[in-house]
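Protein sequences appear in the order of chains A and B. Taken in order, the first sequence gives residues 1 to 303; the numbers are from this note's numbering. Taken in order, the second sequence gives residues 304 to 567; the numbers are from this note's numbering.
Hints are computed from structural coordinates only; laboratory data are not their basis. Beta carbons: idealized from backbone N, C-alpha and C, even for Gly. A hint or two may mislead.
Said to hold, decoys possible - For the chain B half of the interface with chain A, some residues (derived, Cβ under 8 Å), not all of them:
id, residue
1, Tyr-318
2, Arg-320
3, Arg-326
4, Arg-327
5, Gln-329
6, Val-331
7, Ile-404
8, Ile-408
9, Leu-409
10, Gly-410
11, Val-413
12, Gln-476
13, Pro-510
14, Val-566
15, Val-567
Each chain, written out:
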Amino acid sequence: MPGRPVIRARNLRKCFGELTAVDGIDFEVNAGECFGILGPNGAGKTSTMRMLYDFSPRTSGELEVFGLDPVTEGVRLRQVIGVVQQSNNLDFELTVRENLEVYGGYYGLRGRQLRERLAELLPFMELSDRAEARIKQLSGGMQRRLVILRALVHKPRLVIFDEPTTGLDPQARHQIWSVLRKLTGEGVTVVLTTHYMDEAERLCDRLVIMDRGKILHNGAPDRLIAEHLPRLVLEVGSRDLDGGWRESGLAFEHYGDRVFFMAGEESDFSRVPYLPGSRKGILRPANLEDLFLKLTGRTLIDE
Amino acid sequence: MSETAFELPAPQPMYRRVFSVWRRHQRVYFKFLLANILPPFLEPLMVILALGVGLASYMGLVGGVSYAVFLAPGMMAASPMWSSSFETTYGTFIRMEYEKIYEAILGSPVSFVEMLLGELLWVASKAAMFSLGVLLVVGSFGLVGSWWSLLVPLLGFLGGMIFALLGILVTSQVREINNFNFYLTGVITPMYFFSGAIFPLEQLPIPLQHLCGVLPMTYLVGLMRACCIGRFTPGLLLDLAVCLAYCAALWPLAASQLRKRIVV
Ligand SMILES: Nc1ncnc2c1ncn2[C@@H]1O[C@H](COP(=O)(O)OP(=O)(O)OP(=O)(O)O)[C@@H](O)[C@H]1O
Ligand SMILES: [Mg+2]
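Just chain B, same shape as in the assembly (with noise of 0.2 Å):
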C-alpha cells in the first residue's frame, strides 16, 4: 500500500471549525451551568439594589435621571468586562497550562487561529448573554427608557470581545497564575470604577478624566447608558469606533503573543 491508496479528503469550511471550538466550551461550560451562571448574573444585580436603590434614596438626579436608571447600563458593561476578563485570564490558562485542551485541540484539523477564533466568539457571546441578564431583570423593574437597549447584547458581545483580547494578551505573558491578581485588581478593576459605570466622570479632576478617556470602558459604558436612554449624540459615533478600533488593534497582538506561547 501506498499513499497514494487513499485521497485526502476536502477540509471543512473554516466557520465549520470555529463553531466546533465554540460548542466544546459552550458545552462545558453547560456542564455547570448554575455554579457557572448564577454568581456573575446576581452580582451585577445587588449593585443595583444596594446603590441604585439603596444609596440613591439619598441622592438627587444624577445625569438628568435616576441613580438607578443611571446606574443600570454601566452594570450592563461592566458584566462582560468581568465575565470576559475572568475566562480569558484564570479560564484561558487553566486551559493552557494544567488542562492542555489548546494542545489537544492543535492535534485535530482545528488550526491556531480558528481555535483562537471560537474561544473568542464564546467568550462574546457569553458576555453578551450577561449583559441581556442584566437588561431584562432591569427592564422589568422599569429601568429602562428606550428600545434602542435591545442592542444591548450586541454592545455586550463587542465589549466582552475587547475584553477577551486584552485576557489572552495578558495570559500569553502570565507565567505563573497567581499574577493574574495584579491584572485584574490592577487594570480591571479600576476600569469598573473609573469609567463612568457608577459615578460620571465629570466629577474627576481634569487629568484624571483624560486618564479614563483612554479607557475602553469608558466608550463602552456611554454606548451602553446612550442606548438605555435613548439619548444620542454624534460622539457616539466616534465611542463605537474607538471600541472597534480597540478589537481591530488588540487581535493581532493577542493572536501572535499566544501563538508564541502555545506553538512555539
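Just chain A, same shape as in the assembly (with noise of 0.2 Å):
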C-alpha cells in the first residue's frame, strides 16, 4: 500500500444522548481512491462524516485525517477538504458568482487569485453562462452543481460529498459523475454517501454497507457482490408465484410483493413456479442492492 491512508478510522462512535449514531466503526481510505458509504435514511453515514471535517466531535474511537487528529487540527485540515453537504446550503439572496467569492474568502482567496481561480471553474460545471444569475433561478441540479463547485474552490486534496446526486435526473447526475472521476484522476482523494447503489458500484474502488450505525460489509463492489451473492437474480412480483414458492429450493430474498429468486446458472430458474399464465420475473446480475436486502431484509432507499 503506498504510503499511509488518508483516513483511518478506528472503533469511531458518534452518540446524540441515548442514540448511538455510528456505532464503534472501522475503515480506511487510501489516497487518489474514491471510497463509498452506502446504507439507507438514519445507517450513520452523514454523522460519520461530519467527524471526518470537524463539524462535530466524535464521542470516542480513533480518527486520523492525513495523519492529523480533525478535532484539534480542524481548521487546518479544512483548508485541503472539500465538502458537500447534503442539502443546498448556498446564499440564496447571492448570484452564481458571488457565492463562489464569498466561500473562496473563506479560504482566503481574495482579488486576482480568486478571480482566476473562478475564471478556471466556472466552465468547468458548465455554469459560465449563470454566473450573474441568482440561485433562486436555477434548477435543483445546477444548485447541486454549483454547490460542488464551491467546495472546490481552494483544490481540496480530499473532498467529501453526502449524497451528490439525490434527487437529481439522470442527466445532472451523470454530469456530477463525471467531475467526481476527474477528481480522482487527478489524485484527490474521495469519500462519498449515496442511497443508489448504481451509483456507488460505477464510482467507488471501495464502499463500505452500513446500516445502524455499525458497518456490515466492507470492500469493492464487485468482489463484494461476488463474494456474498450468486452470479443472477430473478426478480418476480409474488402474486405471479405458486403459494409452495418458499420449497423452491432456490435461494431468495423476499420485500414487500417482490421476491428475488439467487443462482449461480440461468438455467437454475427453470426451478421456479410460476402460477399458470402469470408475467414472467426479470433476470439480471446480482448488485448492491440485493446484498443489502439479504443482510438487512430491507433495501436501501425505502424503509
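Assembling the complex is the task here: the two chains are given apart, and the hints tell you how they should meet.
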C-alpha cells in the first residue's frame, strides 16, 4: 500500500444522547481512491462524514485525516478538504459568482487569485453562462453543481460528498459523476455517501455498507457481490408465484410484493413455480442492492 | 501518491476568517439595501417627529431639556436594539434552520467561534450604523448639543452587541420560529418603553424602577443621553461597566448554547 492512508478510523463512535448514530466502525481510505459509504436513511452516513472534517466531535474512538486529529487540527485540515453537504446550503440572495466569491473568502482567496480561480472553475461545471444568475433562478441540478463547485474553490486534496446526486435527473447525475471521476483522476481522494447502488458500483473503488451505525461489509463492490451472492437474480412479483414458492429449493429474498431468487446459472431458474399464465420475472446480474437486502432484509432506499 | 505528497498550508490568521464571515453578511445585506435599511432608519425618526415634536408641544421640560432633545438619544439606543434583535432572532433562525448557512460555513476552515464572532461583529456594526443614522438626522435639526455625541456609534455598537448576544441565546433555545413573538413582545418591547428611552424612569413606582434597573437597555440609554446632552456624572462609568459586563456574561452562554444547537 503506497504511503499512509488519508483517513484512518478505529472504533469510531458518535452518540447523540441516548442514540448511537455511529457504533464503533473501522475503515481506511487511501490516497486517490473513491470510497463509498452506502446505507439507508439514518444509517449514520452523515454523522460519520461530519466527524471527518470536525463539524461535530466524535464521542470515542480514533480518527486520523492526513495523519492529523480533526478535533485539534480542524481549521488546518479544512484548508485541504472540500465539503459537499447533504442540502444545497447556498447564499440564496447572491448570484452564482458571488456565492463562489464569498466561499472563496472563507479560504482567504481574494482579488486576482480568486478571479482566476473562478474563471477556471465556472466552465468546469458548465455554469459560465449562469454566473450572474440568482440562486433562486437555478434548477435543482444546477444548484447542486454549484454546491460542488464551491467545495473545489480551494483545490482540495480530499473531497467529501454527502449524497451528491439525490433527487437529480439522470443527466445531472452523469455530469456530477464525470466530475467525481475527474477528481480521482487527478489524485484527489473522494469519500461519498449514497443510497444508490448503481452510483456506488460505478464510482467507488471500495465501499462500506452501513446500517444502524455499524459497517456490515467493506470491500470493492464487484468483489463484495461475488463473495456473498450467486451471479444472477430473478425478480418476480409474489402474486405471480404458486403458494409453495418457498420450497422451490432456490435461495431467495422476499421484500414487499417482490421475490428475488438467486442462482449461479440461468437454467436454475426453471424451478421457479410460476402460476399459469402469469408474468415472467426479470433476470439480471446480482448487485449491491441485493446484497444489502440479503444482509438486512430491507432495501437501501425505502425504509 | 500518499498524503506526504503535499504540505498542509499554514492557516490564515484568525481575524481574516472572522472578517470573511462579516463580509458575507454585509454582502447579503447590501444586496437588498433599500428594503433592509429604510424602514429601520425611518422608524425612530417618525417616533421623534410624532412624540418629540407633535406631542411635546403639550409638555414642559423633561429632565431639564426639551422633550425632543430628551427623546432623541433614546431612539439612538432603541434603533440598535431593534435591529440586533430582529437580526439574531428571525435572521439567525432562518440562516440556521432553513438556509443552513452555518452548516455551509463550517465546511470551510472557519471555526464555530470565528463564525459566531463574524456574525456578532456584523450585527453590532449594523446597529452602530443605525444609531449613527439617527444621530445625523437629529443632529442636523439641532437637537444634539455636545461633541461627545461622536461616541454614539460606538455606544450603538456596544448596545448592538448586547442584544445580538441576547438574541443568539434566545435563538439557541427556540425550536419554532413563531415563538420569537414571545421574546420580542415580552422582553424587547418592554425594554423599549421602560428603560428611560421615552420617559424618565423617576415617574414609575419605586419597585418598578428597581426592575428597570436590571435591564441593559436602561444603562445604554443613560450613556447615549449623557453623550448627546454632554452632561456627565461619575455614575456613567458604572453604566458602561454594566453594559460591558452584560457582554462578558452573555458571550460564553450564547456561544456554548448555539454551538450545542448547531454542531452537537
Ligand atoms: N444532530 C442530531 N441530533 C440527534 N440525533 C441525530 C442528529 N443527527 C443525526 N441524528 C440521528 O442519528 C442517526 C444517524 O443519522 P445520519 O444523519 O448520520 O444518517 P444518514 O445515514 O446520513 O441518513 P440519511 O440517508 O437520511 O441522510 C439518525 O437516527 C438520526 O436521527
Ligand atoms: Mg445523511
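- List, from low to high, the hint numbers that the structure doesn't satisfy. Violated hints: 1, 5, 12, 13; rest satisfied.
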